[in-house]
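Kindly generate the complete structure, drawing on both the sequences and the hints.
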Amino acid sequence: MSRYAQHVYTGQSQIAALEAWIAKLPGAAQVQVTLEDGSRLLGTVAVQPTLQVFRDEQDENEGMNGLLRLDDLDTPVQQHLIWLDSIRDVRALPPRE
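Quick note: the sequence shown uses the working numbering, first residue 23, plus one each step.
Where hints are given, some of them may not hold.
[To be verified] Have a look at the derived ranges for each label pair, beta carbon to beta carbon:
no., residue 1, residue 2, range
1, A39, R77, 12 to 22 angstroms
2, G49, R25, 15 to 25 angstroms
3, A50, Q80, 32 to 42 angstroms
4, T72, S35, 13 to 23 angstroms
5, L89, A114, 28 to 38 angstroms
No lab work stands behind these hints: they were computed from the structure. Given the structure is predicted, the values throughout are model-derived calculations rather than measurements. Don't be surprised by glycine CBs; every beta carbon is placed ideally from N, CA and C.
What follows is the structure, encoded as structure tokens:
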């Protein structure tokens, strides 16, 4: 079963940018993620994301992208699936008591 992404990347610099987000998203980290549209999500990284091979939805070209599963900080049963290429900023949050 193939997996599709709206955008896939093959360039070295593009893949390095995706890998940089992965380094800031270790499993169980509590983070604030700002998306390209300016929206912000607070949550716990369920599992550190990885780069995977996807096909783009339009031309079936193969390339890399990745998905972040972020469990909402205030409502942990709510999960957000976020494409790595849609992230603009990641900030670690202080631990909650």
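Inset, instruction - Take a look at whether the Cβ-Cβ distance between L89 and A114 falls inside 28 to 38 angstroms. - result: Hint violated: Cβ distance 20 angstroms, outside 28 to 38 angstroms.
Inset, instruction - Indicate whether the distance between the beta carbons of A50 and Q80 respects the range 32 to 42 angstroms. - result: holds (36 angstroms)
Legend entry - Satisfaction of the hinted span 13 to 23 angstroms by the C-beta atoms belonging to T72 and S35: Holds, at about 19 angstroms.
Inset, instruction - Starting from the hint 15 to 25 angstroms, judge whether the C-beta atoms of G49 and R25 obey it. - result: Given a distance of about 21 angstroms, which is inside 15 to 25 angstroms, the answer is holds.
Inset, instruction - Determine whether the Cβ-Cβ distance between A39 and R77 falls within the hinted range of 12 to 22 angstroms. - result: Since the Cβ atoms of A39 and R77 sit about 20 angstroms apart, the hinted range of 12 to 22 angstroms holds.
Violated hints amount to a single one, hint 5; each of the other numbered hints is respected by the structure.
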